[in-house]
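Enquirer: Sequence:
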Amino acid sequence: MKSDGIRELKELISDLMELALKANVADFFPFLRPFDPQGIRRRITVLLDRLHNLLDDIIGQRVRLRTSDQWDRCGDFLDVLLDHSEEHGPEELNYRSIKILFQDLFVAGTMTTTNIVEWAMAELLHNPPILTKAKQELSNKIPPPELIQEQDIPH
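Residue numbering for the sequence shown follows the working numbering, beginning at 64 and increasing consecutively.
Keep in mind that the hints were calculated from the coordinates and are not lab data.
What you are looking at is a predicted structure, and each value in this text was computed from that prediction instead of being measured.
Only true hints are included.
With a Cα cut of at most 20 Å, we get these calculated EDC-like pairs of lysine to aspartate or glutamate:
| # | residue 1 | residue 2 |
| --- | --- | --- |
| 1 | Lys85 | Asp99 |
| 2 | Lys162 | Glu71 |
| 3 | Lys73 | Asp119 |
| 4 | Lys73 | Asp139 |
| 5 | Lys73 | Asp112 |
| 6 | Lys162 | Glu74 |
| 7 | Lys162 | Asp146 |
| 8 | Lys198 | Glu213 |
| 9 | Lys85 | Glu181 |
| 10 | Lys196 | Glu155 |
| 11 | Lys196 | Glu181 |
| 12 | Lys162 | Asp142 |
| 13 | Lys162 | Glu149 |
| 14 | Lys73 | Asp167 |
| 15 | Lys162 | Asp78 |
| 16 | Lys162 | Glu150 |
With the sequences and hints as input, model every part of the structure.
Expert: This is the structure we're talking about:
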């Protein structure tokens with residue numbers, strides 16, 4: 064990726080985090096949410112669109128490079144994901160999923176532990192089969208009436 068792209072990515076992530084952490088009046092007064100009085104939701108939407116376009120460019124550039132004669136494998140995380148997508152098909156991992164994963168990684172990488180736990184819980188709630196599997200694994204490890212302690216979790 065060229066240095067301009069890296070600079071733009073850093074600026075986008077920084078701007079997104081600044082807006083995400085800004086106190087939003089609509090969070091305290093939900094009836095104001097549809098009006099977006101501070102314009103935070105609108106500005107975040109614009110920044111996320113720019114981030115998605117940048118990630119589309121990065122992934123598209125790599126896909127084009129991989130099909131060219133001049134391809135020299137990088138072996139980075141994007142290569143691993145694209146290899147997996149090619150091996151297992153787009154049903155398991157498509158370009159949109161790769162883009163969203165990178166968005167989550169970039170944004171989550173700049174957050175505090177509390178934000179990360181909140182983000183992880185939201186991801187689990189949006190993916191009920193994974194949530195069910197996580198609950199089952201915890202139930203198998205720790206009987207339900209007991210409280211989970213950190214030493215109970217092997218990772």
